[in-house]
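Participant: Given next are the chains, with one letter for each unit.
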Amino acid sequence: MTALAGRGPGAPPVGDPFLPRPFVVRRHRQDTRDTYTLVLEPVDGSPMGFAAGQFTMMHAFSAGEAPISISGDPARPDLLEHTIRNVGAVTRALVHSAPGTELGIRGPFGTGWEVSSGRGGDVVFVAGGIGLAPLRPAILEVCAARADYGRVLLLYGARTPEDILFGDDLHRWGADHGIDVQVTVDNGQHAWRGRVGLVTQLIARGGFDAETTLALVCGPEVMMRYAAAALADRGVPRARVRLSMERNMKCGVGLCGHCQLREFFLCVDGPVLTYEVLEPLMARAEL
Amino acid sequence: MQTIAKYLPQHPFFAGLDESVASLVAGCAVNVHFRAGQHLFHEGEPADTFYVIRHGRVSIEVHAPAGPPVVVDSAHDDDVVGWSWLVPPYRWTFDARATDETSAIAFDGACLRATCEADPAVGYALLQRVVKVMSTRLHSARIRLLDLYGVPT
Numbered sequence: 001m002t003a004l005a006g007r008g009p010g011a012p013p014v015g016d017p018f019l020p021r022p023f024v025v026r027r028h029r030q031d032t033r034d035t036y037t038l039v040l041e042p043v044d045g046s047p048m049g050f051a052a053g054q055f056t057m058m059h060a061f062s063a064g065e066a067p068i069s070i071s072g073d074p075a076r077p078d079l080l081e082h083t084i085r086n087v088g089a090v091t092r093a094l095v096h097s098a099p100g101t102e103l104g105i106r107g108p109f110g111t112g113w114e115v116s117s118g119r120g121g122d123v124v125f126v127a128g129g130i131g132l133a134p135l136r137p138a139i140l141e142v143c144a145a146r147a148d149y150g151r152v153l154l155l156y157g158a159r160t161p162e163d164i165l166f167g168d169d170l171h172r173w174g175a176d177h178g179i180d181v182q183v184t185v186d187n188g189q190h191a192w193r194g195r196v197g198l199v200t201q202l203i204a205r206g207g208f209d210a211e212t213t214l215a216l217v218c219g220p221e222v223m224m225r226y227a228a229a230a231l232a233d234r235g236v237p238r239a240r241v242r243l244s245m246e247r248n249m250k251c252g253v254g255l256c257g258h259c260q261l262r263e264f265f266l267c268v269d270g271p272v273l274t275y276e277v278l279e280p281l282m283a284r285a286e287l
Numbered sequence: 001m002q003t004i005a006k007y008l009p010q011h012p013f014f015a016g017l018d019e020s021v022a023s024l025v026a027g028c029a030v031n032v033h034f035r036a037g038q039h040l041f042h043e044g045e046p047a048d049t050f051y052v053i054r055h056g057r058v059s060i061e062v063h064a065p066a067g068p069p070v071v072v073d074s075a076h077d078d079d080v081v082g083w084s085w086l087v088p089p090y091r092w093t094f095d096a097r098a099t100d101e102t103s104a105i106a107f108d109g110a111c112l113r114a115t116c117e118a119d120p121a122v123g124y125a126l127l128q129r130v131v132k133v134m135s136t137r138l139h140s141a142r143i144r145l146l147d148l149y150g151v152p153t
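These protein sequences, in sequence, are chains C and F.
Its first residue numbered 1, the first sequence is counted upward by one per residue in the working numbering.
Its first residue numbered 1, the second sequence is counted upward by one per residue in the working numbering.
FYI, nobody ran anything at the bench for these hints, they're computed from the structure.
Bear in mind the structure is a predicted one, so any value in this text is a computation, not a measurement.
DEER-style ranges, computed between Cβ atoms: (1) C:Gly257 / F:Asp18: 57 to 65 Å; (2) C:Glu41 / F:Asp78: 42 to 50 Å; (3) C:Gly15 / F:Leu145: 41 to 49 Å; (4) C:Gly178 / F:Ser135: 30 to 38 Å; (5) F:Leu145 / C:Val87: 19 to 27 Å; (6) C:Leu281 / F:Asp78: 31 to 39 Å; (7) C:Gln189 / F:Leu145: 12 to 20 Å.
Quick partial rundown of chain F residues pointing at chain C, CB under 8 Å, derived from the structure: (8) Pro68; (9) Thr99; (10) Thr136; (11) Ile143; (12) Arg144; (13) Leu148.
Cβ-to-Cβ under 10 Å is the rule here; a few derived chain F residues that face chain C: (14) Ile60; (15) Val71; (16) Val72; (17) Ala141.
Idealized CB from N, CA, C, for every residue including glycine.
Can you build the whole structure from these sequences, using the hints too?
Facilitator: Structure, rendered in structure tokens:
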């Protein structure tokens with residue numbers, strides 16, 4: 001199934017995959033109105049290696065567990081970073097975890113972006129909303145070995161200027177690492193000087209060599225469907241367009257079936273899959 | 001200095017257009033420049049111009065009774081602005097304001113329409129390009145109506 005999916009390898013979960021490891025919140029940052037970043041350290045001091053694109057099951061004791069993508073630097077396995085949107089009871093408990101709070105972590109789970117397979121060519125990151133968070137580890141990986149890649153574009157769509165994530169990073173990636181960062185918002189206010197429009201319109205403007213491009217896409221599924229189609233229209237091979245799919249991940253080890261997408265269990269076969277595999281599945285409303 | 005006729009085929013909107021057609025429509029065009037804050041046009045005014053943006057940024061806006069205008073779209077280098085010159089009753093349906101120093105080529109709408117009517121092949125070539133822009137912007141507007149980045153329901 002791995003070869004068919006074209007997925008990247010991910011780091012295996014540490015220890016018993018059903019037993020949360022205790023982590024403690026070291027830093028807590030509010031990114032936007034409803035999105036927060038937590039930096040955690042393992043209580044036992046043992047780092048948790050992960051591949052960019054993987055997720056963990058985060059456990060807020062007494063509230064429950066939720067799948068959250070890792071948003072930190074893969075080169076810093078000693079610090080586990082998660083960017084979380086407050087959308088329900090569990091995420092509310094997570095985002096309000098002050099420094100010193102103990103949380104449980106299972107994982108890491110799933111497949112990675114495997115961005116290093118794009119070395120030698122251009123890389124296009126397409127992010128929508130909080131979809132920038134799961135892409136951040138892959139962007140950091142590219143920044144760390146920038147000379148190995150050709151043109152690198154980050155095309156990012158947000159709801160409003162206030163909803164733009166990682167503003168400092170966006171600036172740094174452009175200024176220090178030569179990444180062509182293009183941001184567009186759905187709703188612009190009078191004072192917004194950037195772009196207003198759909199992120200797929202940025203794809204149509206090109207600026208990359210389609211044949212050698214590796215494209216990594218993360219955002220709401222409808223946005224990803226149109227973005228992947230726009231990339232394919234530009235000539236990016238479908239096998240080189242990777243998307244991070246979101247379903248109701250629960251067990252994390254491919255047993256419970258909550259995250260099933262036809263023959264794929266997205267917690268182990270995904271979340272990152274190629275557009276070549278996903279295109280027919282995304283076209284089916286029943287799935 | 002490069003003439004408008006020489007420049008037009010380099011602009012994505014006119015890409016692939018026959019050189020003779022580019023020369024023909026260039027006869028309807030002049031170079032224009034807008035300072036930041038200056039309006040290209042206002043809602044309700046006669047739509048007599050089609051703008052091809054060379055450099056700069058233009059906000060497509062709707063003014064509201066209270067508060068600042070709402071920006072519904074933006075145009076940048078290599079974009080175009082305005083299709084109301086092509087559609088009766090030829091009135092602008094939004095405001096357009098340069099938010100940066102903006103250089104553009106302004107086509108006289110009546111002249112373009114007359115050129116299209118005189119030569120249907122030119123008309124068809126232009127219409128194909130305008131419709132593509134309209135289609136892209138309609139698609140963008142529809143998808144943004146979904147508020148995909150809003151709170152999941």
